[in-house]
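Chain by chain, the residues:
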Amino acid sequence: MSKENYFAPDLIVDQVNAQVLEPLKKPSKLFYVMIALFISFILFGAYCLYTQIFEGLGVAGMNNPIAWGIYLTNFVFWVGIAHSGTLISAILFLFRSRWRTSVNRIAEAMTVFAVTMAGLFPLIHLGRIWFAYWLLPYPNARHLWVNFRSPLNWDVFAVVTYMTVSTLFFIVGMMPDMAVLRDRFKGIRSKIYGVFAMGWRGTHRQWHHYETAYLLFAALATPLVISVHSIVSWDFAMSSLPGWHSTIFAPYFVSGAIFSGCAMVITILYPLRKFFHLEDLITEKHFTRISQMMLLTSLIVTYSYLTEFFIAWYGHNIFEQESFYNRAFGYYGIYFFMMFVFNSILPLGIFFKKIRTNIKVLFVISILVNVGMWLERFVIIITSLSRDYDPYAWGIYKPTYIEWGIFLGSVGGFLLLFFSFAKFAPVVAISEVKGQIHHDKTGGDHE
Amino acid sequence: MKADNVLVKNIRIIVALFILIAVVFVIIGASSEEPTRMWQIYLINFLLWTGIAQAGAVFSAILELTNAEWGHRMQQVAESQISFLPASLTLLLIMIVGAEYIFPWVSQVSIPEQKALYLNLPFLFSRSIIGLGLLTILSFVFVKKRRKADDQGGGRPRKLAVVLLLTYALVYTVVSFDFIMSLSPHWYSTIMGMHFFTACFYTGLSLIIIMAVFGRTHIFPTDFMTERDFHDIGKLTFGFSIFWMSLLWSQYLVIWYGNIPEETEYLHLRFYEQPWSALTWTFILLAFILPFLILLNRKGKTTQLVIGIVGFLILIGSFVHMYVLVAPSLSPHHAYFGVPEIFISLGFLGMFVLTQDIWLKARPVQ
Amino acid sequence: MNNANVRIKAIYNNYEAFINALKVLSSKKELDMDVISPMPLHDVEKLIPQKPSGVRWFTFFGGILGLIIGFAFPIYTVLDWPLITGGKPVVTIQAFIIIAFELLILFGAAFTLLGLLFHARLPRQNLSNYDVRFSGNSFGFVFSVPERKINEMKNILQDADDIITDKLSTESGRIGNESR
Numbered sequence: 001m002s003k004e005n006y007f008a009p010d011l012i013v014d015q016v017n018a019q020v021l022e023p024l025k026k027p028s029k030l031f032y033v034m035i036a037l038f039i040s041f042i043l044f045g046a047y048c049l050y051t052q053i054f055e056g057l058g059v060a061g062m063n064n065p066i067a068w069g070i071y072l073t074n075f076v077f078w079v080g081i082a083h084s085g086t087l088i089s090a091i092l093f094l095f096r097s098r099w100r101t102s103v104n105r106i107a108e109a110m111t112v113f114a115v116t117m118a119g120l121f122p123l124i125h126l127g128r129i130w131f132a133y134w135l136l137p138y139p140n141a142r143h144l145w146v147n148f149r150s151p152l153n154w155d156v157f158a159v160v161t162y163m164t165v166s167t168l169f170f171i172v173g174m175m176p177d178m179a180v181l182r183d184r185f186k187g188i189r190s191k192i193y194g195v196f197a198m199g200w201r202g203t204h205r206q207w208h209h210y211e212t213a214y215l216l217f218a219a220l221a222t223p224l225v226i227s228v229h230s231i232v233s234w235d236f237a238m239s240s241l242p243g244w245h246s247t248i249f250a251p252y253f254v255s256g257a258i259f260s261g262c263a264m265v266i267t268i269l270y271p272l273r274k275f276f277h278l279e280d281l282i283t284e285k286h287f288t289r290i291s292q293m294m295l296l297t298s299l300i301v302t303y304s305y306l307t308e309f310f311i312a313w314y315g316h317n318i319f320e321q322e323s324f325y326n327r328a329f330g331y332y333g334i335y336f337f338m339m340f341v342f343n344s345i346l347p348l349g350i351f352f353k354k355i356r357t358n359i360k361v362l363f364v365i366s367i368l369v370n371v372g373m374w375l376e377r378f379v380i381i382i383t384s385l386s387r388d389y390d391p392y393a394w395g396i397y398k399p400t401y402i403e404w405g406i407f408l409g410s411v412g413g414f415l416l417l418f419f420s421f422a423k424f425a426p427v428v429a430i431s432e433v434k435g436q437i438h439h440d441k442t443g444g445d446h447e
Numbered sequence: 001m002k003a004d005n006v007l008v009k010n011i012r013i014i015v016a017l018f019i020l021i022a023v024v025f026v027i028i029g030a031s032s033e034e035p036t037r038m039w040q041i042y043l044i045n046f047l048l049w050t051g052i053a054q055a056g057a058v059f060s061a062i063l064e065l066t067n068a069e070w071g072h073r074m075q076q077v078a079e080s081q082i083s084f085l086p087a088s089l090t091l092l093l094i095m096i097v098g099a100e101y102i103f104p105w106v107s108q109v110s111i112p113e114q115k116a117l118y119l120n121l122p123f124l125f126s127r128s129i130i131g132l133g134l135l136t137i138l139s140f141v142f143v144k145k146r147r148k149a150d151d152q153g154g155g156r157p158r159k160l161a162v163v164l165l166l167t168y169a170l171v172y173t174v175v176s177f178d179f180i181m182s183l184s185p186h187w188y189s190t191i192m193g194m195h196f197f198t199a200c201f202y203t204g205l206s207l208i209i210i211m212a213v214f215g216r217t218h219i220f221p222t223d224f225m226t227e228r229d230f231h232d233i234g235k236l237t238f239g240f241s242i243f244w245m246s247l248l249w250s251q252y253l254v255i256w257y258g259n260i261p262e263e264t265e266y267l268h269l270r271f272y273e274q275p276w277s278a279l280t281w282t283f284i285l286l287a288f289i290l291p292f293l294i295l296l297n298r299k300g301k302t303t304q305l306v307i308g309i310v311g312f313l314i315l316i317g318s319f320v321h322m323y324v325l326v327a328p329s330l331s332p333h334h335a336y337f338g339v340p341e342i343f344i345s346l347g348f349l350g351m352f353v354l355t356q357d358i359w360l361k362a363r364p365v366q
Numbered sequence: 001m002n003n004a005n006v007r008i009k010a011i012y013n014n015y016e017a018f019i020n021a022l023k024v025l026s027s028k029k030e031l032d033m034d035v036i037s038p039m040p041l042h043d044v045e046k047l048i049p050q051k052p053s054g055v056r057w058f059t060f061f062g063g064i065l066g067l068i069i070g071f072a073f074p075i076y077t078v079l080d081w082p083l084i085t086g087g088k089p090v091v092t093i094q095a096f097i098i099i100a101f102e103l104l105i106l107f108g109a110a111f112t113l114l115g116l117l118f119h120a121r122l123p124r125q126n127l128s129n130y131d132v133r134f135s136g137n138s139f140g141f142v143f144s145v146p147e148r149k150i151n152e153m154k155n156i157l158q159d160a161d162d163i164i165t166d167k168l169s170t171e172s173g174r175i176g177n178e179s180r
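Read top to bottom, the protein sequences are chains A, B and C. For the first sequence, the positions run 1 to 447 when our numbering is used. For the second sequence, the positions run 1 to 366 when our numbering is used. For the third sequence, the positions run 1 to 180 when our numbering is used.
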């Protein structure tokens, strides 16, 4: 079977360095405009956070039945975004998918930055952010340790592990490319790249160990990525709240996370590719592949929505039934229907070849899916809390501008980190692209 | 094709004997005073072998869609499994006779009126016959088109593969709700469908491995699979062992933690009461722990005898798994497993082998 | 001086020429050389067979260590002050499986990094036996030989696009072994 070429057909090894290093040289004016925009987002977010710290959590809209607001929505949203990075770099590596090369670096970077943003939200949500160290497992003054039976504590372990492992994977994956940069620049930049390259030379022994280590990282990251979002889902599913307590939550959240992550990859890849002229390395075929991943995960998510509703009806538990009726037709019903259209109906378009090969349309779909997946978490968290078992304790939650501001700040932070990364580091895995082109040209068998 | 073994030469006579004995036991069991005992093992075997048979087409469709370069010949082995599907439909029709003894909600347990809209025999059997019938047709059409595309070139049946996979997920979810979940009429679990179709596919993989390893010495060309093919299917099986376990674990953990009476009843019976808890641990050991540990090693995936044994472990483990899914709901106090159970199970096995033998004689693996 | 060592860096732009030279050089067992390339090459793996990397043992023991800590640590803490919460037993294995799993991955990954650094002899600062073209699109060799063999080597490396030779000050200036 002939192997599909995912790069521009006339690309040769000699051009890879130049192509990838192009963005590192001369930033255009638009670049600085974007950076300024992101920094203004961050400043506004910082102002909101400042207000919350000094005024207290009361400035946020959370109230008694609805103690988990959009901070936790954002947390789940950002952790979810992170997942596609590990999927593309680790799982597809294990499956020997050739198309992952040249988008895996961007996806890995997204993972690291998205987890960073996610990690902030539980701390912000706690209110007294200066007591964040209480999350760590150590005995307090009364010799009580943290509660290892609590899913929230599992989350601490999961997110810390995820952040560490994805960062290690990211840095190790970049080592040979950092050597390229070290050799192409002079002065202080060369020194800094040299630190990340760690003296990499590319000897046959180094490559041998490197390839083994990379494979092992991928093998460790794959079960990790599934466990992390499962644990996030169990923050909800372990309770006995109607609408949260559901056995399907783990696979449902994992596929939802990959779904939203793939959408975010497209959302980011589209401008990045134009901005930095990476058309030869990142082609339409990459977009098509990612969109197919989106379609698959979208179908699993839809399956989960429908199963949950069916079981709520079938189970004949009055609380479950009421909870799901409220989810679809209650106060927040409009968000549920938006979520359903964006996550379940729009992606069906990817079945059509015309749509999945049209990058612009995919870009629009991906943005709407991002919105839809954010709404999904909002709908799950807020609607379930707003109608608990006891009608006396029902309530309505409206996020305040403080909460929106902090969310905006996190978006700014994520994009700023990402654009700075794209400006200063290789956005495409140089050695992997070279390897793939080289093997295709010399006819050597890949793997 | 080689037929140097006495067993292989006389396979049809042997399996015909198995089927005959099983038919006798089915008739005796159905007319005895305790028909549930017979129907329960019948249902277990029906679900197990139908799942395996369907997994053949699903495996082939997945390979078709992922452009997997390694599975071309393995696809042909897998596809031979669908030959059981028409027989499985007949076996489904026979179950109508015993429906009263299989489904507790028919006469023994009263269910709410609303639930009865879904759980009633006419609706249940019409949806399962239509669903499984549709899947059977889709599988056969898909396999035919795929083989044609292989032989003569031309369009690959990729769209059909997508339709097949979607229908599989949907129909098997409904089957799991109807034939497993409804056996404990008050219990529900949203993950049941996903868990069931994953388990079926995993069991199907084990049979593909067994066929590939042990069929090589008797029915297939000896060189038809390379070491790398075994490595690949070993990796796939390894991945699915983890995935299957993670789904089982997700169900267990959520129910165990929530500890809500109507959910916990199901779990408590299977994990904390004898003899079921021993059986539960048996299938976890056979179908997860041992395969996991063996396949962790590269040699475990590439040494044919080892991976063949892993296939058998998973197959037996999956049988016990299916037994634990079904039997405790129907006879909570006693795990029936005697002579009738063994011979009825052997009859199903014989039926499967017979259909597969007919298929492979007509379409030998190239 | 016959036993003074000379370091040779040979740089190839042409892949076929590089492989041909490698075929000759790899047959010389006494030569301790580094084959350097901008990407992993399977032809090199075939010509210079290497033992399976020892990195996997780091991963394995890291994972086992994480698993043990992941069970031992929570069990120690709950027994330190037994307190029933949520109606679950004091030693709640089901919950600790999750901690143990996460720590298995965490330690496994951390030890993989250590294993890579250990086996690839990283990080290091001295890049004298390296050339920046190796991270471009050139392949090549770096090794040191006694001075008397230099002509023989140059003969083998005649198709190289560039050869750089340095005399090494110390006699035991073995270069190639620094990144075993």
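There's no promise every hint is true.
[Said to hold, decoys possible] Below are the BS3-like pairs computed for lysine-lysine, each with C-alpha atoms no more than 27 Å apart in a straight line: (1) LYS274(A) / LYS353(A); (2) LYS144(B) / LYS353(A); (3) LYS235(B) / LYS353(A); (4) LYS159(B) / LYS354(A); (5) LYS353(A) / LYS159(B).
[Claimed, not checked] Every beta carbon over 12 Å from chain B, so not counted as near; a handful from chain C, in silico: (6) ALA4; (7) VAL6; (8) ASN20; (9) GLN50; (10) ILE97; (11) ILE98; (12) LEU117; (13) GLY136; (14) ASN137; (15) ILE164; (16) THR165.
[Unchecked claim] Incomplete in silico selection of chain A near chain C, CB under 7 Å: (17) HIS143; (18) TRP145; (19) THR161; (20) MET163; (21) GLY187; (22) SER190; (23) HIS209; (24) GLU211; (25) LEU216; (26) ALA218; (27) ILE318; (28) GLU322; (29) SER431.
Bear in mind the hints are in silico, worked out from the structure with no lab data behind them. Keep in mind the model is a prediction, meaning the values are calculated, not measured. Even glycine gets a Cβ: it sits at the ideal position worked out from N, Cα and C.
*asked:* Please check whether SER190(A) passes as an interface residue: C-beta within 7 Å of a C-beta belonging to chain C.
replied: violated (10 Å)
*Confirm or reject the statement that GLY136(C) sits farther than 12 Å, beta carbon to beta carbon, from all of chain B.*
holds (32 Å)
*ALA4(C) clear of chain B by more than 12 Å, beta carbon to beta carbon?*
holds (46 Å)
*asked:* Would the non-interface assignment of ASN20(C) survive a Cβ cutoff of 12 Å against chain B?
replied: holds (29 Å)
_Interface hint status, THR161(A) versus chain C (Cβ within 7 Å)_ = Check passed: Cβ of THR161(A) comes within 4 Å of chain C, closer than 7 Å.
_LYS144(B) paired with LYS353(A) [C-alpha distance capped at 27 Å]_ = holds (25 Å)
*asked:* Hint MET163(A) vs chain C: min CB-CB distance below 7 Å?
replied: Because about 10 Å separates MET163(A) from the closest Cβ in chain C, which is outside the 7 Å limit, the hint is violated.
*Going by Cβ atoms only, is TRP145(A) closer than 7 Å to chain C?*
Holds. Min distance 4 Å.
*Please verify that hint: HIS209(A), Cβ, nearest Cβ of chain C, below 7 Å or not.*
Result: holds, 4 Å to nearest chain C Cβ.
*Quick one: work out the minimum CB distance from THR165(C) to chain B and report holds if it exceeds 12 Å, violated otherwise.*
holds (43 Å)
*Given ILE318(A) as an interface hint, is the shortest Cβ-Cβ distance to chain C below 7 Å?*
violated (24 Å)
*Residue hint SER431(A), partner chain C, criterion CB-CB below 7 Å*: SER431(A) check passes; min Cβ-Cβ to chain C is 5 Å, inside 7 Å.
Checked against the numbered hints given earlier, the structure breaks hints 3, 10, 11, 20, 21, 22, 26, 27 and 28 and satisfies all the rest.
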